[in-house]
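Enquirer: Now for the letters of each chain:
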Amino acid sequence: MSYLVRMTGIDKHFPGVHALRDARFELQPGEVHALMGENGAGKSTLMKVLAGIYQPDAGKIEVAGEEVTVAGPRAAQALGIGIIHQELSLMKDLTVAQNIMIGREPRKSFGRLDEGELNRRAAAALASIHMNIDPRTLVSGLTIARQQMIEIAKALSNRSRILIMDEPTAALTDSEIAELFAIIRVLKSEGVGIVYISHKMDELKRIADRVTVMRDGEFVGTVGAAETPVSTIISMMVGRALTDEAVRVPDLTHAPTALEVRNLSRGRAIRNVSFTLRRGEILGFAGLMGAGRTEVARAIFGADPRDSGEIIVDGQPRNIRSPREAVHAGIGYLSEDRKNFGLALGMDVRANIGMATLKRYSDGLGRIDEKGLAVAARKYVASLAIRTPSDRQEVRLLSGGNQQKVVVAKWLLRDCDVLIFDEPTRGIDVGAKAEIYRLLASLAEQGKALIVISSELPEILRVSHRIAVMCEGRLTGILPGGAATSQEDIMHLATQRDTTSKEHAA
Amino acid sequence: MSVNAIKPGWDAGLKSSGAYQKLLAFASLVALIVVFSLASPNFLQTSNIIAILQATSVNGVLAIGATLVIITGGIDLSVGTLMTFCAVIAGVVLTYWGLPLPFGIVAAIAAGAVCGLISGTLVAKMRIPPFIATLGMMLILKGLSLVISGTKPIYFNGTPSFPTISTGSLIGAVVPGLPIPNGVLILFLVAGAVSYVLSRTVLGRYCFALGSNEEAVRLSGVNTDGWKMAIYALTGAICGIAGLLIASRLNSAQPALGQGYELDAIAAVVIGGTSLSGGRGTILGTIIGALIMSVLLNGLRILSVAQEWQTVLTGSIIIVAVYADMMRRRGN
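Each protein sequence line maps, in turn, to chains D and W.
When we follow numbering that gives the first Met the number 0, the leftmost residue of the first sequence carries the number 0, and every step to the right adds one.
When we follow numbering that gives the first Met the number 0, the leftmost residue of the second sequence carries the number 0, and every step to the right adds one.
Honestly, I wouldn't trust all of these hints.
[Claimed, not checked] Okay, derived cross-link-like pairs now, DMTMM-like style, lysine to aspartate or glutamate, Cα gap no bigger than 20 Å in a straight line:
1. Lys432(D) - Asp336(D)
2. Lys91(D) - Glu214(W)
3. Lys432(D) - Asp201(D)
4. Lys358(D) - Asp414(D)
5. Lys91(D) - Glu213(W)
6. Lys204(D) - Glu30(D)
[Stated by the list, open to error] Sample of chain W residues facing chain D (criterion: CB under 10 Å; computed from the structure):
7. Ile170
8. Phe207
9. Asn212
10. Val221
[Stated by the list, open to error] If you want a taste of the chain W side facing chain D, the calculated C-beta under 10 Å gives, among others:
11. Gly191
12. Ala192
13. Tyr195
14. Arg199
15. Val201
16. Leu202
17. Arg204
18. Tyr205
19. Glu214
20. Val216
21. Arg217
22. Ser219
23. Ser274
24. Leu275
25. Arg279
Please keep in mind that the hints were generated in silico from the structure rather than gathered at the bench.
All C-beta atoms in this analysis are idealised placements derived from N, C-alpha and C, irrespective of residue type, glycine included.
One chain only, chain D, in its complex shape (with noise of 0.2 Å):
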């Protein structure tokens, strides 16, 4: 068997993580290999080192049967590795052909450019992945999808034997990533060598030939795509069988009311939203993007204005114009957003548990208790099992679930009552995912009131006690959770749409 590439031994140290243990993988040529793994196994950083992106401390590299360092992007480029990286590395910029020519500029003498050639050149590397598109121009104006097509062909027009796709599908739509797996097996039956990296586990199926399986560094295994289950896969990233454990739905009858929103509408994004959450329960938003899950979230939170409509917490009407006073009223709201809009990334775990209760830990001239904040935290940090050496620790450090659970430690701290958790398992790992059912759970055990909102029926149907679904701007209806829903349910009522709306249209 000839291989394209093969990488022994590989090892490799970030300051405090081991980011790569005795690490290896094997490329054939002509052949789709998955490289599977949650975040942080070490999937991106072994291809990364392939790319010469990061020198390995140890370990052998071998491309067509010959031991090669690869010093650096550019040795990369010459012993025919491109790589796509997951986040699009285009210059907006700059034209289309200048982006794929980019260090390869055709010159003339004094350092001039050969505009012409250049675009040339980039014109044939469009029309070998049958890309029609004027390579003059620019990339800002053009679809994600589009700037994903100009990174291959930037990759390819390299005359790349190995082409390294990270996450390529992460934000295409389904007739995107069916146009994508087009061009990747046109590239198969010439010969290229694809490392696939992806979390998706149905493009598995689709389009690779052989998984390899990444877990804390380390190589688990290579297996055959078509013969191995999903299931088996899975736990193979996760290192156990993961159960698919079904919502407990609790009795609530005498539970007491801690949210009620009456009418609630804002122009053509909520329409008379009324619904009602008791202490205890978890009620699932479910609805296809656009219905106005979020719109709903934001407006009891505050964050946006809204047009009519009364939200009464814990039985006294709230008049909520702002997050502060939805803070006030004990409404707490965990974006899908964490890094942008929940996390302070660069300060530590305790600066961002006490974020939102600084006036409860400071004195008259605004000096923090840091002892104070210290205890709270660490209580936090206990109670939700956040995965972290210390509170001191910078939360960009922490895995994405330990993230989320350092945003829902803030909200508890400021004793808010009413959670709405926006997404809470986006971009989050497989096995964390588990986890986060379970604190979402035992949340509700402690009677706190939930709203979660999830694009993944799964997911819905897995957390809920009730299920709202949505659908343009309209509450459609509201299931019970549990086993006596399903997803054909839900999805019938997601797409109910108005039939005053359809008029309106035509």
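Use these hints to put chain W onto chain D, whose structure you have.
Expert: Coordinates of chain W only, in the frame set by chain D:
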């Protein structure tokens, strides 16, 4: 815009939406000229127009230099005192050492390039933020100018042809009745050359690329550190030219001069539509920006507006220009 329509892809900066800002800047320039010429019959006199152009030449050249670094997403606060430093170097070579004129010219430009290279090294290799690195260079160069000159002006009495660099008129000699000073000619030559570099050469391409997404450029296998150093060096060399212009106009190197010029230069760049976050900008815009500033000052002076108020108005113009730029970008 029309240039753009005829030759798509000719100039990345022109193609970008910065064109609107430049159009806006150009419209403001025209509006200012109209207002001032209506307000005062003296404004459109040939002598006054030449005075405006002459006044623009030093700030214009400095601003062109600053534009390069700003397009990369950096900033150069040392352009003003570097200009003075280069003037002092020219004084040393020509007056103290008594060497012929070409040596002075080469020395000034080379000194600029070397100092720019040092700034570039601080930024690219030592990873000091450009604001801090060039702030340090600004003070170092200010001090060195005073040390070298003994805090006294150096006069160019031994080199009678020196003032003609700025105030002579080659055009006037060829076309009588068009006494455009050489300083203005040099401004437009530098503008043309740098414009060409930006749009047609590898160095120019990497200016925009670095400002647009530096990490992406590095991961594409480009020697980003080296190019960045080269760009700062080019900016420095252009400051050397500005140093020659100002020294020639004053027929002396004034070591105490220079601080504050960097802010006027950056203001001209920003008014001209170059984004301080990098990736976008044009030399044409910068020239228009520099002209707006000198037309405004000249016009207000003709209308006998007190100098204090001139400064207040200049500040307001900068804020309005940047605000307009932000609104446009938010609209996109």
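Enquirer: Are the Cα positions of Lys358(D) and Asp414(D) separated by 20 Å at most?
Expert: holds (13 Å)
Enquirer: Given Val216(W) was flagged as interface, is its beta-carbon under 10 Å from a beta-carbon of chain D?
Expert: The hint holds - Val216(W) has a Cβ within 10 Å of chain D, the shortest such distance being about 6 Å.
Enquirer: Per the CB criterion, is Arg217(W) less than 10 Å away from chain D?
Expert: holds (7 Å)
Enquirer: Would the hint on Val221(W) be counted as holding, given a Cβ-Cβ threshold of 10 Å to chain D?
Expert: The hint holds - Val221(W) has a Cβ within 10 Å of chain D, the shortest such distance being about 4 Å.
Enquirer: Take the shortest C-beta to C-beta distance between Gly191(W) and chain D; is it under 10 Å?
Expert: violated (15 Å)
Enquirer: Does the interface hint hold: is Phe207(W) within less than 10 Å of chain D, judged Cβ to Cβ?
Expert: Where the cut-off is 10 Å and the nearest Cβ of chain D is about 6 Å from Phe207(W), the hint holds.
Enquirer: Does the interface hint hold: is Ala192(W) within less than 10 Å of chain D, judged Cβ to Cβ?
Expert: violated (12 Å)
Enquirer: Would you settle whether the hint for Arg204(W) is holds or violated, based on the nearest Cβ-Cβ distance to chain D being less than 10 Å?
Expert: holds (6 Å)
Enquirer: Do the numbers back the hint for Ile170(W), that is, is its least Cβ distance to chain D under 10 Å?
Expert: violated (27 Å)
Enquirer: Could you grab the alpha-carbon distance between Lys432(D) and Asp336(D) and see if it respects the 20 Å cut-off?
Expert: holds (16 Å)
Enquirer: Holds or violated: Ser219(W) as interface residue toward chain D, Cβ cutoff 10 Å?
Expert: Cβ of Ser219(W) sits 4 Å from chain D, so the hint holds.
Enquirer: Between the alpha carbons of Lys91(D) and Glu213(W), is the straight-line distance 20 Å or under?
Expert: Holds, at roughly 11 Å.
Comparing the model with each earlier hint shows violations of hints 7, 11, 12 and 24; every other hint is respected.
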